[in-house]
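Undergrad: So the sequences go chain by chain: X and S.
Take 1 as the starting number for the first sequence in the numbering used here and just add one per residue.
Take 1 as the starting number for the second sequence in the numbering used here and just add one per residue.
Just so you know, the hints here were simulated from the structure itself, not pulled from any lab data.
There may be inaccurate statements among the hints.
Treat identical chains as interchangeable: a pair holds within one or across any two.
Said to hold, decoys possible - Computed list of lysine-lysine pairs in DSS-like fashion (alpha-carbon distance at most 27 Å, straight line):
no., residue 1, residue 2
1, K227, K2
2, K251, K308
3, K205, K312
4, K78, K282
5, K111, K317
6, K312, K45
7, K96, K2
8, K372, K78
9, K227, K313
10, K123, K251
11, K360, K129
12, K2, K34
13, K111, K34
14, K111, K2
15, K378, K208
16, K308, K34
17, K313, K205
18, K34, K313
19, K360, K251
20, K251, K23
21, K123, K208
22, K151, K78
23, K326, K151
24, K151, K308
25, K123, K313
26, K23, K2
27, K34, K312
28, K208, K326
Just so it is clear, the structure is predicted and the values come from calculations on it, not from any experiment.
2 protein chains.
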Amino acid sequence: MKPRLFTPGPTPVPEETLLELAKPVTYHRSAEAKAILAEVSEDLKYVFQTSQPVYTLTCSGTGGMEAAVSNALAVGEKAILCTAGRWGERWRGVLKAFSADIVAVEVPYGKAVTPEMLETALKANPDAKAVFTTLSETSTGVGHDLEAFGKIVAGTDALLAVDGISGLGAMECRTDAWNLDLVVTGSQKALMMPPGLAFICASAKAWKKIDATPVRNFYFDLRRYRKSLLESDTPFTPGNTLIKAQRASLKRIRAEGIENLWARHTRIAGATRAAVEAMGLKVFAERPNSALTVIAVPAGIDGSSTLKALEKKYGYKLADGQDAMKGQIWRLSHMGYTDAFEVLGAVSALELVLIESGFKLEPGAGVSAFQKAYATSK
Amino acid sequence: MKPRLFTPGPTPVPEETLLELAKPVTYHRSAEAKAILAEVSEDLKYVFQTSQPVYTLTCSGTGGMEAAVSNALAVGEKAILCTAGRWGERWRGVLKAFSADIVAVEVPYGKAVTPEMLETALKANPDAKAVFTTLSETSTGVGHDLEAFGKIVAGTDALLAVDGISGLGAMECRTDAWNLDLVVTGSQKALMMPPGLAFICASAKAWKKIDATPVRNFYFDLRRYRKSLLESDTPFTPGNTLIKAQRASLKRIRAEGIENLWARHTRIAGATRAAVEAMGLKVFAERPNSALTVIAVPAGIDGSSTLKALEKKYGYKLADGQDAMKGQIWRLSHMGYTDAFEVLGAVSALELVLIESGFKLEPGAGVSAFQKAYATSK
Numbered sequence: 001m002k003p004r005l006f007t008p009g010p011t012p013v014p015e016e017t018l019l020e021l022a023k024p025v026t027y028h029r030s031a032e033a034k035a036i037l038a039e040v041s042e043d044l045k046y047v048f049q050t051s052q053p054v055y056t057l058t059c060s061g062t063g064g065m066e067a068a069v070s071n072a073l074a075v076g077e078k079a080i081l082c083t084a085g086r087w088g089e090r091w092r093g094v095l096k097a098f099s100a101d102i103v104a105v106e107v108p109y110g111k112a113v114t115p116e117m118l119e120t121a122l123k124a125n126p127d128a129k130a131v132f133t134t135l136s137e138t139s140t141g142v143g144h145d146l147e148a149f150g151k152i153v154a155g156t157d158a159l160l161a162v163d164g165i166s167g168l169g170a171m172e173c174r175t176d177a178w179n180l181d182l183v184v185t186g187s188q189k190a191l192m193m194p195p196g197l198a199f200i201c202a203s204a205k206a207w208k209k210i211d212a213t214p215v216r217n218f219y220f221d222l223r224r225y226r227k228s229l230l231e232s233d234t235p236f237t238p239g240n241t242l243i244k245a246q247r248a249s250l251k252r253i254r255a256e257g258i259e260n261l262w263a264r265h266t267r268i269a270g271a272t273r274a275a276v277e278a279m280g281l282k283v284f285a286e287r288p289n290s291a292l293t294v295i296a297v298p299a300g301i302d303g304s305s306t307l308k309a310l311e312k313k314y315g316y317k318l319a320d321g322q323d324a325m326k327g328q329i330w331r332l333s334h335m336g337y338t339d340a341f342e343v344l345g346a347v348s349a350l351e352l353v354l355i356e357s358g359f360k361l362e363p364g365a366g367v368s369a370f371q372k373a374y375a376t377s378k
Numbered sequence: 001m002k003p004r005l006f007t008p009g010p011t012p013v014p015e016e017t018l019l020e021l022a023k024p025v026t027y028h029r030s031a032e033a034k035a036i037l038a039e040v041s042e043d044l045k046y047v048f049q050t051s052q053p054v055y056t057l058t059c060s061g062t063g064g065m066e067a068a069v070s071n072a073l074a075v076g077e078k079a080i081l082c083t084a085g086r087w088g089e090r091w092r093g094v095l096k097a098f099s100a101d102i103v104a105v106e107v108p109y110g111k112a113v114t115p116e117m118l119e120t121a122l123k124a125n126p127d128a129k130a131v132f133t134t135l136s137e138t139s140t141g142v143g144h145d146l147e148a149f150g151k152i153v154a155g156t157d158a159l160l161a162v163d164g165i166s167g168l169g170a171m172e173c174r175t176d177a178w179n180l181d182l183v184v185t186g187s188q189k190a191l192m193m194p195p196g197l198a199f200i201c202a203s204a205k206a207w208k209k210i211d212a213t214p215v216r217n218f219y220f221d222l223r224r225y226r227k228s229l230l231e232s233d234t235p236f237t238p239g240n241t242l243i244k245a246q247r248a249s250l251k252r253i254r255a256e257g258i259e260n261l262w263a264r265h266t267r268i269a270g271a272t273r274a275a276v277e278a279m280g281l282k283v284f285a286e287r288p289n290s291a292l293t294v295i296a297v298p299a300g301i302d303g304s305s306t307l308k309a310l311e312k313k314y315g316y317k318l319a320d321g322q323d324a325m326k327g328q329i330w331r332l333s334h335m336g337y338t339d340a341f342e343v344l345g346a347v348s349a350l351e352l353v354l355i356e357s358g359f360k361l362e363p364g365a366g367v368s369a370f371q372k373a374y375a376t377s378k
């Protein structure tokens, strides 16, 4: 049986990237290493759609979120948290650890925070120093309207900090054009890499605030990364083999073109949702994003057992819901190094296990709806 | 020309470990992933020579140092810093960032802090909460007498925190028997891996202090790692491909046996020092350790140019001195996945470039001294 990774991180890694990782390790302070970091940093600017430098941190996405919070906020400063699930709650955890004064704008799992809710919160809290939110809420499949958020926050003194960990590179996200001040992502999602690197960029507005904020830590002190990157270097020993491999995946992204890449994800996500509905299932997210499709487990079906059967019988590894959502949803990623034919296979496998579980379903309902939606979209 | 890595981190990685890194990425919350982390954690206890759990952080060594400082010290608490070079200064940077009250016990580059100096500092500062020091000071080649340090600190309320990043696994270090309270290391030195993981363990005495200290960050909050590891898990997305590869290198270390591994490094280091002296050069460290040999550049020789020639003509990549030491020393690592025959090759190449630079040297002086010292030691 062939194992197939459909979890919303880690995601499949291109073969040429994996082979980079098997090459002998080299010194991280050589001219060659600096040239590689410079190249990766340039390609990241393209992926982020920003003219600001993008910094490479050796850590996972949460480390990048900690960098955003700890550099932008002093103790006790007010932060508006727009949270729609577990990854919004991750921001809350980091904000709490750094003693922020949190004003939470919360919606139930499956819903999205609206621009109007954010606008109201900002008006009620003119002293808020930053807004923290999520591009793709991977726990529910919801996407936030960051273009609208950006327009609202740009008119205030607050910064807009975005967890783009599972969305960036999979759905439209324009850091500069949308006025996003701090954007964080990780290597292991749409950037087609194993986990181990996080990336962050900061707008001029963000840097102004960072430079006026007391230093709160060392490893995530962005001033150090800014200074080092001027010489195409890192302040601390970087995961240099990961950076070299990231270069290979970024080349693939550049070759496809970021807008084509967004369009590919949009098209696959649309076809997946059509399949879900044709199978008599429901998409869980009210405002679904293109990085993953989250499916509500239908009544009478044991969600966790279905996923186990999918993996055991057919090799398809989807993700269960997290915490209280366990058994309630199925999370199917179509991020990064995957295509419509592979997702079609996952739909086929899901059909099979559902039928085997006694769920009423016409064989082929899902795959034909997928095919039809895919063929008639661009 | 065959490239050969002799820098004191990164170091050569075994082929079977590199091949692990080229395997398809898998989900980090699976039963298989937990079993791997459990196995790695057990093998790390063996390497650390501790019965306490060892935590795996996705970051480089400095992140592990930040975890030690931020978990063990509250704002303004007193710390004794025993520093003998650049990596002692790294502790100072982290301590400053976390607002410690630093009492520095400093020696010039090339010297070691003595147990007597530490004892005096502790007597003068009975309110010190912790002592921070370095096992192998990679910037100078000095090793500290941690067994003696441990005996002294154990009689006080202070913790002993050790940067074992480039020493652990290359030289004797017994966490429990020597009363080391916080020990940090990184994957890319004697543990035969690329950079990207740090490891830390804490004694019961350290945990008592950590549990009484306010939380100061999130990503490096050791309480979270302690809780997760009870279920063989990590609190945040780990570098799971690195962890899997680390397993392969740890198996190699277990197969060799930690005491044999220490003995191998001691023997190679002794032979290297014999070669250095026979070539008319000087070992820079007053109290040299076995992880690397640091050689003082002789008068009339351009240290940096020699290293460039070594790499360009013969493929041997040694490290230059850092900061003010640039051009003053050569740093030759014999850590991890390397053996006497490879180090002999490096001595041969160094002889050749020195002769080509006009340095008076009988060809074979270094290699024959190396061979003699190696053959007559165990």
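Undergrad: If a hint holds in the structure, say so; if it doesn't, say that too.
TA: Hint check results:
1. Taking identical chains as interchangeable, the C-alpha atoms of K227 and K2 are never at most 27 Å apart, the minima being 46 Å within one chain and 34 Å between chains.
2. In this assembly of identical chains, the alpha carbons of K251 and K308 never lie at most 27 Å apart, being 35 Å within a copy and 31 Å across copies at closest.
3. Taking CA atoms no more than 27 Å apart as the test, K205 paired with K312 passes in neither setting, with 50 Å inside one copy and 45 Å between copies.
4. In this assembly of identical chains, the alpha carbons of K78 and K282 never lie at most 27 Å apart, being 38 Å within a copy and 58 Å across copies at closest.
5. In this assembly of identical chains, K111 and K317 lie within 27 Å of each other by CA distance solely inside one copy; the values are 25 Å within and 55 Å between copies.
6. Taking the shortest Cα distances, K312 and K45 never come within 27 Å of each other, neither inside one copy (40 Å) nor across copies (33 Å).
7. For the identical chains of this complex, K96 and K2 are neighbours neither inside a copy (43 Å) nor across copies (52 Å), given an alpha-carbon limit of 27 Å.
8. Proximity of K372 to K78 under the C-alpha cut-off of 27 Å is found in neither arrangement, the shortest distances being 49 Å within a copy and 69 Å between copies.
9. When the C-alpha separation of K227 and K313 is checked against a cutoff of 27 Å, the pair qualifies neither within a copy, at 52 Å, nor between copies, at 33 Å.
10. Taking CA atoms no more than 27 Å apart as the test, K123 paired with K251 passes in neither setting, with 43 Å inside one copy and 59 Å between copies.
11. Proximity of K360 and K129 under a CA criterion of 27 Å is satisfied in neither setting, with 52 Å inside one chain copy and 66 Å between copies.
12. Proximity of K2 and K34 under a CA criterion of 27 Å is satisfied inter-copy only: 21 Å between copies versus 38 Å inside one chain copy.
13. When the C-alpha separation of K111 and K34 is checked against a cutoff of 27 Å, the pair qualifies neither within a copy, at 44 Å, nor between copies, at 32 Å.
14. Taking the closest pair of Cα atoms, K111 and K2 never come within 27 Å of each other, the shortest separation being 35 Å inside a single copy and 58 Å across copies.
15. For the identical chains of this complex, K378 and K208 are neighbours neither inside a copy (42 Å) nor across copies (60 Å), given an alpha-carbon limit of 27 Å.
16. Taking identical chains as interchangeable, the C-alpha atoms of K308 and K34 lie at most 27 Å apart only when they sit on different chains, with a minimum of 16 Å there against 44 Å within one chain.
17. Taking CA atoms no more than 27 Å apart as the test, K313 paired with K205 passes in neither setting, with 52 Å inside one copy and 49 Å between copies.
18. Taking identical chains as interchangeable, the C-alpha atoms of K34 and K313 lie at most 27 Å apart only when they sit on different chains, with a minimum of 22 Å there against 46 Å within one chain.
19. Taking identical chains as interchangeable, the C-alpha atoms of K360 and K251 are never at most 27 Å apart, the minima being 45 Å within one chain and 50 Å between chains.
20. Proximity of K251 and K23 under a CA criterion of 27 Å is satisfied in both settings, with 18 Å inside one chain copy and 20 Å between copies.
21. In this assembly of identical chains, K123 and K208 lie within 27 Å of each other by CA distance solely inside one copy; the values are 22 Å within and 45 Å between copies.
22. Taking identical chains as interchangeable, the C-alpha atoms of K151 and K78 lie at most 27 Å apart only when both belong to the same chain, with a minimum of 20 Å there against 47 Å between chains.
23. In the homo-oligomer, the alpha carbons of K326 and K151 never lie at most 27 Å apart, since the shortest distance is 36 Å inside one protomer and 50 Å across protomers.
24. In this assembly of identical chains, K151 and K308 lie within 27 Å of each other by CA distance neither inside one copy nor across copies; the values are 44 Å within and 53 Å between.
25. For a Cα distance limit of 27 Å, the shortest separation of K123 from K313 qualifies neither inside one copy, at 54 Å, nor across copies, at 67 Å.
26. When the C-alpha separation of K23 and K2 is checked against a cutoff of 27 Å, the pair qualifies both within a copy, at 25 Å, and between copies, at 13 Å.
27. In the homo-oligomer, the alpha carbons of K34 and K312 lie at most 27 Å apart only across protomers (18 Å), although the nearest pairing inside one protomer, at 44 Å, exceeds that limit.
28. Taking identical chains as interchangeable, the C-alpha atoms of K208 and K326 are never at most 27 Å apart, the minima being 42 Å within one chain and 35 Å between chains.
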